[in-house]
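**Q** The residues making up each chain are set out below.
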Amino acid sequence: MDVLSFIFALGLGFGIACWACGTLLDKSNNIGDSTGTKDTYGVHVHFTCERRLGNNETNTFCANHDKPIEGENNAPRGSELVHRLSEEELERYKPTAAEEAAAARRFGNPTEDEFSIWDSQQPSGDFKGVFKPLDKEE
Amino acid sequence: MATLCKNCGHALVFDPTSQKLVCGACGGAFAPEEIEAEAMPYREDLEAVSAEKAYGEKSADTMDCYVYTCSECGGEIIINGTEASTTCVYCGNPNVVFSRISKQKRPELVLPFAITKEKAIELVHEKIDKGLFIPKDIKHFKPECVRGIYIPYWIVNADYMNAVVVSGRVRRGKHSVTRYYGRAGEMHIKNLPIDASRVLTNESSFRLEPYDLTWLKPFDEDYLAGFYSNVSDVVYDDLRRAALGRANEYFAEEALGDVHDGASNKKIISSHPSIRLDRDMVYAMLPAWFITFRYKGKPNTILVNGQSGKVVCGLPWNKILFYTLLVLTGVIVTVAAFLLLREILPLLGKIEGRIFVLVIAGIVTLFVTGFGKMKKVFENIKRTQDKDIFVFTKKRQG
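Those sequence lines, one after another, are chains R and S.
Counted from 1, the first sequence has number 81 at position 77 by this note's numbering; the numbering is strictly sequential.
Counted from 1, the second sequence has number 357 at position 354 by this note's numbering; the numbering is strictly sequential.
To be clear, the hints were calculated from the coordinates, so they are not data collected in a lab.
Every residue gets a Cβ at the ideal spot worked out from N, C-alpha and C, and that includes glycine.
Only true hints are included.
In silico SDA-like cross-links for lysine to any residue, where the CA-CA straight-line distance does not exceed 25 Å: (1) K122/S with S311/S; (2) K42/R with K269/S; (3) K130/S with D37/R; (4) K385/S with E125/S; (5) K322/S with S32/R; (6) K139/S with S32/R; (7) K193/S with L85/R; (8) K120/S with G36/R; (9) K31/R with F325/S; (10) K193/S with F51/R; (11) K193/S with R96/R; (12) K270/S with G40/R; (13) K31/R with G134/S.
Here are a few chain S residues that face chain R, going by a calculated C-beta distance under 10 Å: (14) K133; (15) G134; (16) I137; (17) A199; (18) F209; (19) L211; (20) V238; (21) A258; (22) S273; (23) I335; (24) L342; (25) G365; (26) L369; (27) V371; (28) G373; (29) K379.
All chains should be built: construct the whole structure from the sequences, respecting the hints.
**A** Here you go:
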């Protein structure tokens with residue numbers, strides 16, 4: 005029993021020491037370790053779908069939908085140096101009607117335009133019943 | 004040079020305390036919007052010539068060097084490819100490279116320095132003097148150079164959408180099970196400043212936040228007088244990546260907070276983000292002090308937000324003191340825990356498997372949390388000792 009007590013005590017002792025010294029070191033030597041918060045930039049997430057997922061649904065989503073959307077329509081090329089856009093460029097890179105509709109309705113109910121944006125981003129195939137970013141059934 | 008004193012013709016320098024252009028010779032003070040930069044019409048077409056072109060020789064040393072002529076004394080000023088304002092080494096007068104901030108390249112807004120050089124150093128000392136593990140040599144550091152630099156920023160608005168799967172552990176009777184939750188949503192980010200200088204890493208510039216953007220003023224070259232500045236050199240992909248990273252963080256925070264259900268150990272296991280930046284971004288100059296010093300031969304750069312005075316750095320630590328304290332604490336707690344456990348364990352009889360697992364999990368958590376905090380410090384020390392930022396600051400003439 006003494007050996008077991010010692011092993012537990014050793015783990016606990018150095019575990020607490022490591023946590024305490026790590027915290028002290030962080031406080032002492034890591035200065036200004038914070039960034040602008042959500043509130044600074046007026047961020048408020050409007051959830052369009054909140055639900056529990058089954059294992060199958062989760063696996064299907066992870067396998068098929070876990071891809072970042074690359075690029076965007078009607079915007080300057082990614083390799084271009086960022087610059088102030090001229091009048092002509094602003095006209096050329098004008099947001100599409102669907103993008104404008106989505107921007108205009110930020111915190112209301114999803115519109116048909118938004119459904120079509122999300123749908124166009126889904127992989128092709130029959131994924132009926134799968135958790136989708138915007139689900140009309142919800 | 005941007006502006007001369009109306010009274011004596013001496014060069015004016017922007018003073019953060021009075022928020023005015025001050026003459027070092029006669030003491031005159033003028034609001035930047037009151038006076039016109041008389042030299043500007045004559046200087047805006049004067050371009051910085053590449054060193055290779057000026058000297059007719061090609062070498063690695065002159066690859067990113069440009070030659071500019073001081074408008075006061077005619078001396079040669081060497082600047083890099085993105086510098087927009089500097090100081091002449093010969094006469095000490097501030098110089099603005101007008102060709103780099105003219106027409107479309109010109110920033111729309113500027114946030115003037117509110118913290119003086121002396122105050123910035125004082126704030127750094129206030130912070131580091133309290134540090135338990137900061138070596139004495141660092142506490143008494145002598146800055147090699149202190150440069151007030153206007154960092155170029157793009158202030159962006161963005162629409163963001165995402166769908167994530169959150170996993171969490173939920174207790175069911177004697178056991179816990181993993182459950183999955185789908186969260187999809189959208190958000191709008193307003194006035195997010197993203198630094199437009201490739202030398203400064205996003206991690207460093209994000210830590211300089213927040214800047215109070217309500218104090219932004221229409222850009223005027225006079226605010227640059229006496230400070231250094233750079234122009235934007237990032238591409239759209241850099242900007243999107245930085246904005247997406249920030250938006251992902253904010254969405255994750257909200258999505259994890261939105262899963263109640265008594266779930267613990269919540270994490271996002273799958274994410275499907277999309278971001279659209281508004282096209283009409285605002286180009287602005289935001290202020291920061293760069294303070295460099297050497298410790299044990301290694302370069303260190305401390306950043307100070309030029310508006311709020313927030314100090315940003317990760318500093319080397321006193322290893323002997325740290326490990327002595329770690330071992331001492333470890334030994335004391337081990338002895339105390341051993342004496343306690345020796346009494347308690349026999350009373351409990353045979354240790355139940357569940358208690359055993361809980362104790363082991365608790366010990367592992369303590370170790371992981373402690374190491375996690377130490378790792379954060381190491382990463383920030385690495386950023387503070389970044390050679391590129393040190394050279395970026397040191398290369399400024401003056």
